[in-house]
Amino acid sequence: MSGFYGTKNKTMERHVLLRDVDVPNIREYDVYVANDGYAAWKKALTTMKPDEVINVVKDSGLRGRGGAGFPAGVKWSFIPKDIFPKYVVVNGDESEAGTFKDHQIIDGNPHQLIEGVALCAYAVQANTSYIYLRGEFYEPAKTLQRAIDEAYAHGMLGKNVLGSGFDLDIHIHLGAGAYICGEETALLSSLEGQLGQPRLRPPFPAVQGLYAKPTVINNVETLANVPPIVLHGAQWYRQYGTEKSPGTKIFCVSGRVNKPGNYELPLGKYTIRELIEMAGGTMDGRPVKGVLPAGSSAPILPANLLDTKLDYESVQAAGSILGSASFVILDDTVDIVWAARKMVRFFKHESCGKCTPCREGTYWALKLYDKILSGHGTLADVDMIGEVAGQMAGKCFCLLGEFATSPMQSTLKHFRAEYEAFIANHQGGKMNGYTDELIREGVLAGPEGVITRH
Amino acid sequence: MADLVNLTIDGVPVSVPKGTLVVDAAKKIENDIPVFCYHPKLKPVGMCRMCLVDIGMPKIDPATKQPVRDEQGNVVIAFMPKLTTACTTPVSEGMVVRTATEQVRAAREDILEFLLTSHPLDCPICDKGGECPLQNLTLGFGPSVSRFDYDAKFHNEKHVPLGDLIYLDRERCIQCSRCIRFQDEIADDHVLQFHDRGRGMEIITFSDPPFDSYFGGNTTDICPVGALTTADFRFKARPWELASTQSLCTHCPVGCNITLNTRLETKSGGYEIKRVMPRQNEQVNEIWICDKGRYVHHFTRAEDRLRQPMVRRDGRLVEATWEQALQLVGERLKAAGTSVAAVVGDRIANEDAYLVAKLVRALNGAIGMSPSVPAHYADVARAFGVGAHANLAHLGKGDVILVVNGDVEEQAPVWFLRLRQAVVDRGAALVIAHSRSTKMHRYARAIHRYEPGYAARWVADRSEELIAKESLKDARNLLIVFGDEQLDGPSARALAQGLANLLIATGHAGKADSGLLPLYPHANTQGVFDVIAGADRAAASNGANGKVGADLRSPICDSRFEVAWLIGVGDASDAPSAGFTVVQELFMTALAKQADVVLPALSFAEREGTFTSGDRRVQRFYRALPPLGEARPDWWIAQEIAKRLGHSWGFQGPAHIFADLAHSIPHYSGLSYEVISKSEPQWPPMGRGDLYYGGTVYDNTGGLGARYASDAERDPAGVRPYDGAAPEPTIAGLERRPRPLYRDGELIRRSAVLASHIVPAQEVA
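If you read the protein sequences in the order shown, they are chains A and R. First residue of the first sequence: 1, per this note's numbering; consecutive thereafter. First residue of the second sequence: 1, per this note's numbering; consecutive thereafter.
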């Protein structure tokens, strides 16, 4: 189970989150405790009122690491005090393309997550927590379960934790493989055994969440930040990052780089260009063509924006979103049309089908990309892609549909010339470099003349 | 009013109750915001995105908490950055809604274009074509050209049986989930669900048997496309070919308002009912009907309908003319003197029963109704029934619904839907006493049990305990639903009386939304009782606890008469024996086969008349089909027989008869065809041109009917408790088995689609 991350990239003297890089075997309870583990939990239970925990998290400025960047402490303060039971739900669905940070926390530093969950539960006075992990995390789930068992065994979880009178149970739930279940309300539906589709808001989960009870939903990485914040204080945390984006953030770097992996960095300190350098630069030193800052959901940033600082505000100002900070680096060998189709296909595959624009728009858009890739495209089809994306934008039920427009709109914006060149170079439906892939995906008929999948 | 919220929609000010959704508020001022997934009877989901509008709120100064005003003094409106779904947004004070902007117009066009990309556009062969919200809204708001490559269209299965009554066309489905939500929220039969996701998301049924519900037909009415069709109607006719006639369902005491859609058929040589559709009556069935009401109509044009009078000659029934048959009946009645017994079935219209009773009284004969058991308690149900203006939609928090010895879903399906909503959605408390479990038990706050047949005993013995335990005196209203299964007449009467005593003891007798609600077997049990028992004005005027209809409770089936005249009794076991039997029927029933004269009657679809529902609402039904063969309405037959006995009444038709009826039956005083034919706009507005909003339910132009007041309501001072004694159960009572909805009978047996659902009769009720 360990060693999944061949490269444990050391980017900070002392990591806040990826402490498995600094401390070997910190996934073991004893090692974790020997390195300040559960100190924050003890401190909170013995010296802090629940509201004080909320306040220190508020003061720290910690923003949700799942993608939306909503201040965690503020979210916790929305939980009504007088309705029970309440729940803490941990979003470990981690499905955004190119995102693998939660995986490393769960596998490498699980106790820090458990401690963060415990602190959050105490802060909002929830006695039950569910950690929702994507189905493919069955191996990390074992590590996490072992850690939870250890925490129970040492009295850190369960009834009357450390004699404080506070009870806390943590359960792990594995999803069944849907991107949409990373959307918090769809995650709740899935957790309840319903179809994984987003719910209407309001009511917000803080008021009516899991089983219609007040519920905090936070990302794995967000909660892993909480123990050091509670232990060392908000000011200590604010030594990292910027005024509006405090703290450190794990940047998942993948794509055409030499050292893909997780890089924990203070927010706002480095630029995208520096991040690529930390990741060993591009393969063969080829020039960067574009960067996806948050997997397939984020609008692509072209190479001329590589000096954008790595914080929420700067990336937004550059025309994209930091989101889960999963940087996919595309160099000049990557065909943008092919890449855009890949992402549109992903969204078409993962659209939950609930709302019309996402269900029908992704289907339509993919049909257009398929037409182009198979050598039948026209410039009108390129325009149509922009039309379809524009028609979806702003009308979808949840963000999945809105995100699905990013690869279309942003590649058209920055790389329209590539589309035009692609159309010019692939005409008449002749076999091309993508034919095999399209056959594999069932778009084109194979040698037997049979379309295998639809 | 304090709970009204003021907003403007396209500049038009509108005030609506707090909590109203923008889409409904717009509807109030006839601004039709197009919708697909939204349905005013279902919870909003905001899935289809068709109702996107531009919504703004007054900008509030954070310091003063007052609205910000511009230089002209107008409130500054902050519009939301994106369009918002009108179906999920409740109104708020000062809200400004814009539905006529270019942005909104474009959004509607965009959503329709998306929906049509995956739609097969097979309108020419689609059953919904002509009454299809997708067609209508496309014409109204859609793009004029298709930009989607037709060859790239998504294809899917087209004839998927969801059970044997409903078919699904997966291509036409637009994933609005109305059907799923109807089954979950209204019927509480969780049999449909979405399967898979994205463009592959489709409706499946996961129950066994599939689509197991008594209410499934309603999903085809609210389906905004031709995805769901009934096995009964699919490919049978185009909507624009259909004539529609306002009618009533005859199968249970609810009195659902329906519309009969008919078409001229060359093969059968005349008009046929092609489908039965709900007709909106918010006080009765809202917009729903059950599948029995929807699918049991084939009997009206069954091959074996009686079309010609028959008389017995040389031991065999042979066809005769009306003159011959009526002459014979007249002669035998004359010869019989007072030894005459008439039995009227409880699906016979008020006017018909009234004339039969009028004649029998003139002959000084005996009259009874079939089934006979309800005659034992119909006067009690009438005396302490729900108030004249009661509506099940009023029941909610603070009210108690007590169900005793009744299976509401099986015996009055639409009452089940409405009572369930009162309990589940609005918080009424449900208390059930029964010897067995029913679907209603799911929602009960308290369940009491007794041995079969002991319902009356249980009420007599446990009333005080029940009043204390369920705090019945503190309830805002007490509605008591009761049935007569496994009870004989005296026990059923004792049960009704015991429950009436419960109303009196708790102070609920005569209150508007309190009272008894009897689960009678058919549509006009109350009406037949009223007109045959109340023909004697003196007996009827005794008030709440009078001796009305006492003679109806004497078992005439135990006596022998010279002539027995059986009108629409089916194969009733409580028919008297006689030297000469006249049977008036639709079919050659077992009783008819042994009769001396068989007179062919018209069904409800071929004539007009009135029924009185289980909750005493008198409603009209109209003629949808031309007469069949020589068959005649029952009232005509009665009048013709009377004529041959020297009584020249000269009634011109049901309206004429009803006027006489209302004059002589005190409870019906003040009612007339004019009164019960009145209709008024209902909320939510449905059944008009804008089918998209509520589905293909028909608008009510035939009348909402009127309920006559209960005795306890008319004369509160005259209310007295009954003697509370309850008799021992009898074998005859215990043999009256529960009546399932699809129990075997002459009518359901002739339904082409329900055949496999019929539950063999254990009891003739």
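No wet-lab data here; the hints were simulated from the structure. Predicted model, so just to flag it, every value in this text is computed and none were measured. Cβ coordinates follow ideal geometry from the N, Cα and C atoms, glycine included. Hints are supplied without guarantee of correctness; some may be wrong.
Said to hold, decoys possible - Heads up, simulated DSS-like pairs for lysine-lysine below, C-alpha to C-alpha not over 30 Å straight-line:
{"no.": "1", "chain 1": "R", "residue 1": "Lys158", "chain 2": "A", "residue 2": "Lys213"}
{"no.": "2", "chain 1": "R", "residue 1": "Lys158", "chain 2": "A", "residue 2": "Lys58"}
{"no.": "3", "chain 1": "R", "residue 1": "Lys473", "chain 2": "A", "residue 2": "Lys371"}
{"no.": "4", "chain 1": "A", "residue 1": "Lys81", "chain 2": "R", "residue 2": "Lys643"}
{"no.": "5", "chain 1": "R", "residue 1": "Lys158", "chain 2": "A", "residue 2": "Lys81"}
{"no.": "6", "chain 1": "R", "residue 1": "Lys82", "chain 2": "A", "residue 2": "Lys244"}
{"no.": "7", "chain 1": "R", "residue 1": "Lys153", "chain 2": "A", "residue 2": "Lys371"}
Claimed, not checked - Stretch-level coverage of chain R by chain A, calculated; a stretch enters the list once three of its residues show a Cβ under 8 Å from a Cβ in chain A:
{"no.": "8", "segment": "81–88"}
{"no.": "9", "segment": "197–203"}
{"no.": "10", "segment": "248–261"}
{"no.": "11", "segment": "481–488"}
{"no.": "12", "segment": "631–645"}
{"no.": "13", "segment": "710–717"}
Against chain A, does the segment 481–488 of chain R show at least 3 residues with beta-carbon separation below 8 Å?
Per the Cβ count (0), the hint is violated.
Quickly compare the C-alpha distance for R/Lys473 and A/Lys371 to 30 Å and report which way the hint goes.
Judged against 30 Å, a Cα distance of about 73 Å means the pair is violated.
Can you take a look at whether the segment 710–717 of chain R is actually covered by chain A? Rule is 3+ residues, C-beta closer than 8 Å.
Coverage by chain A is violated for the segment 710–717 of chain R (0 residues, Cβ < 8 Å).
Check whether the Cα positions of R/Lys158 and A/Lys58 lie no farther apart than 30 Å.
violated (56 Å)
Quick one: see if chain A covers the segment 631–645 of chain R, three-plus residues with Cβ-Cβ under 8 Å.
With 0 residues in contact (Cβ-Cβ under 8 Å with chain A), the coverage given for the segment 631–645 of chain R is violated.
State whether the coverage of the segment 248–261 of chain R by chain A holds or is violated, taking the criterion as 3 or more residues with Cβ-Cβ distances under 8 Å.
Not satisfied, violated; 0 residues make the cut.
Would you check the hint for R/Lys158 and A/Lys81, treating anything up to 30 Å between C-alpha atoms as holding?
violated (52 Å)
Taking beta carbons only, do three or more residues of the segment 197–203 of chain R come closer than 8 Å to chain A?
Held - the segment 197–203 of chain R has 5 residues with a Cβ nearer than 8 Å to chain A, which meets the minimum of three.
Holds or violated: R/Lys153 to A/Lys371, with C-alpha atoms at most 30 Å apart:
With a Cα-Cα distance of about 13 Å, the restraint between R/Lys153 and A/Lys371 holds, given a limit of 30 Å.
Checking C-beta pairs, does the segment 81–88 of chain R have three or more residues closer than 8 Å to chain A?
holds (count 3)
Between the alpha carbons of A/Lys81 and R/Lys643, is the straight-line distance 30 Å or under?
violated (82 Å)
Is R/Lys158 close enough to A/Lys213, meaning Cα to Cα at most 30 Å?
violated (41 Å)
This entry does not satisfy hints 1, 2, 3, 4, 5, 10, 11, 12, 13, going by the numbered hints stated previously.
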